[in-house]
Amino acid sequence: MKTTDDLRSKVQPAGDDIWEIPPSAKPGMLVPARVYASPSLLEQMDQGVFEQVTNVACLPGIVRAALCMPDGHWGYGFPIGGVAAFDAASGVISPGGIGFDINCGMRLLRTTLTEDDVRPRLAELIGALFSAVPSGVGSKGFVHLSEPEFDRAMVEGAGWCVTRGFGWPEDLEYTEGRGCLDGADPSHVSARARARGMDQLGTLGSGNHYLELQTVRPQGIHDPAAARSFGVDRPGQICVMLHCGSRGFGHQVGTDYLRLFDQAMKRYAITVKDRELACAPFRSPEGQAYFAAMTAAANTAFANRQMITHRVREVFEKVFATSARELGLSVVYDVCHNTAKLERHVVEGETRELIVHRKGATRAFGPGATDVPTAYREVGQPVIIGGSMETGSALLVGTARAMAETWGSTAHGAGRTMSRAQAKRRVGGETLIKDMAARGIIVRAASRSGVAEEAGFAYKDLSAVVDVLHHLDISRKVVSLTPIGNIKG
Amino acid sequence: MVHRVDACAGRRTGWTVGRWHVVEDVALADCALDIEGQDLDDLFETAALAVADLMVDPATISVTVDRTIAIEADALDLLLYDWVSELIFLKDRDRQAFIRVRARVSGEGPFRVRARLEGGEIDPERTALRADPKALTFHQFTLERAAAGWRARLVIDI
Chain A
6 MKTTDDLRSK VQPAGDDIWE IPPSAKPGML VPARVYASPS LLEQMDQGVF EQVTNVACLP
66 GIVRAALCMP DGHWGYGFPI GGVAAFDAAS GVISPGGIGF DINCGMRLLR TTLTEDDVRP
126 RLAELIGALF SAVPSGVGSK GFVHLSEPEF DRAMVEGAGW CVTRGFGWPE DLEYTEGRGC
186 LDGADPSHVS ARARARGMDQ LGTLGSGNHY LELQTVRPQG IHDPAAARSF GVDRPGQICV
246 MLHCGSRGFG HQVGTDYLRL FDQAMKRYAI TVKDRELACA PFRSPEGQAY FAAMTAAANT
306 AFANRQMITH RVREVFEKVF ATSARELGLS VVYDVCHNTA KLERHVVEGE TRELIVHRKG
366 ATRAFGPGAT DVPTAYREVG QPVIIGGSME TGSALLVGTA RAMAETWGST AHGAGRTMSR
426 AQAKRRVGGE TLIKDMAARG IIVRAASRSG VAEEAGFAYK DLSAVVDVLH HLDISRKVVS
486 LTPIGNIKG
Chain B
899 MVHRVDACAG RRTGWTVGRW HVVEDVALAD CALDIEGQDL DDLFETAALA VADLMVDPAT
959 ISVTVDRTIA IEADALDLLL YDWVSELIFL KDRDRQAFIR VRARVSGEGP FRVRARLEGG
1019 EIDPERTALR ADPKALTFHQ FTLERAAAGW RARLVIDI
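Note that the protein sequences, when read in sequence, are chains A and B.
For the first sequence, position 282 (counting from the first letter as 1) is numbered 287 according to the working numbering, and the numbering increases by one without interruption.
For the second sequence, position 75 (counting from the first letter as 1) is numbered 973 according to the working numbering, and the numbering increases by one without interruption.
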């Protein structure tokens, strides 16, 4: 692709592991595009990243720069790993900057169990979790909601679950935005979105979504003080990591509004470089309606992860014949990586209200930020970065530098380097499951081909991504987590 | 470079003659499909079969459902967008996948598709599950005339 080759040649160093494409590189760019990556990760980035991040730099009202994190890869509209802030008064909101899986995110639970406690019962535990947490195409949750109850879940988020006994009150303290973002309005959600997602609360989904049992290796504790604050500080400690989002409900909200914005742009005389970047002024009726519906979907994603947490606790209680409280099955944190949120940030010395889009990018607020749990406020917000099911994941912490440099944002995962079809050609799902079992990782999956698509070799080296984040100080390494069991859709 | 893999002919249904293939190097985490049809009816039918094939092994779906749907849109490409979106919607709402499709596309604006869909329940006990499509994106979305009929590119978020 000639244009993209040209763009890659226009990438200029702008600091250690920071690269910029200047506004002169493409007609319509309002701000530079900035990519955070080591030279090696930059080289690995596919051509679409440069095309897409420069397209984002053309959107009305964008402030300072269009950003791409080191796990960036070709998405649709925005690159995965894309971050952009728009002036709330004059800028736009774009479903392509959030993704269809609204509030896809990560939740980490800790336990007082060790690997020695769990290994003898690992197969039983993984089997029970696989049964309790439905996954894969067409899966249904364990609660059946009336329409009014579903409306309340949209508005109350994880709190809806807790007030109905599906969680502990303190779970909310350790969830971004207390598991309930302001501005949700069910009246802006279509009947189709409700019908599609109403019985999916408590389901995992498919693709790269997972529920994973992980352990802390002795050499995996990088910041003992922060690890102690997060309660993930003992070698051999067992943790549970969830990666999922708003399921069919959020997907339909995204579909509905992408279709609406595609037509609405004409009314506002907005043109975009890529139809997937369809957008509307944030303060327009369409922009406000999408924000209200998108926030409703984000809240149901919090509720979804809360319901799964409840099921995980039930399973652990049964398998270990001990209460979840005694097992210390507490939420370390729950954080979004597909959202647009109204936030206040300092821009050239002035505090401004911005609509911050993070698509495959994690919020990473630093020490002192008000929306960080009191217990963590001196340390910073936990950042949960999921790696591949073979290689492990990482717990990091947000920094002041992220607040100043990236709108309090960081990477979200390892980032793919290989297509799903290519991964399936290289390994069969059954073979991979057997191979992982031989290495001590038990996998249960709804789809064999889905397992092959998620093989570790299809992703970048997570440690390379995390090292860049740490080096740039847009988040700092706290603990590395190693998988011992995985459930996939 | 376009790799052609998973090429499938819809002929096995006895109704469609179109073809589809997965396009790699586009949206790595998702699934890009190029669809070809001898006419619009064929293209819509083939797109539906490609979506079913993405979700499940069609051989593991028992035909127990026979339904008719009708969709209208102002533009032809939006009709295709709404058509594929409807099949993804039915996968979640009714847990159904359709392995035999007969579509009739008509109109000159607005455009309409009326279709008979035959398929069955997605039952994890009996159905070999594949990917769970979230949505059809507008990324590289095209519907255009080709030398021998029509072609479309669909990038599906999974």
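It is possible that part of the hints are untrue.
What the hints assert, rightly or not - Distance condition first, Cα-Cα at most 20 Å in a straight line; then the derived EDC-like pairs of lysine to aspartate or glutamate: (1) A:K145 - B:D975; (2) A:K323 - A:D472; (3) A:K271 - B:D992.
Stated by the list, open to error - Some chain B residues flagged as far from chain A (calculated, every beta-carbon gap over 12 Å): (4) A930; (5) D937; (6) T966; (7) D992; (8) Q994; (9) E1019; (10) P1022; (11) T1025; (12) P1031; (13) E1042; (14) R1043.
Honestly, the hints are just simulated from the structure, not real lab data.
A virtual CB, placed ideally from N, CA and C, is assigned to each residue, including glycine.
Tested hints:
no., hint, in the structure
1, A:K145 - B:D975, "violated (32 Å)"
2, A:K323 - A:D472, "violated (39 Å)"
3, A:K271 - B:D992, "violated (35 Å)"
4, A930, "violated (9 Å)"
5, D937, "holds (25 Å)"
6, T966, "holds (18 Å)"
7, D992, "violated (9 Å)"
8, Q994, "violated (8 Å)"
9, E1019, "violated (8 Å)"
10, P1022, "violated (6 Å)"
11, T1025, "violated (8 Å)"
12, P1031, "violated (8 Å)"
13, E1042, "holds (14 Å)"
14, R1043, "holds (19 Å)"
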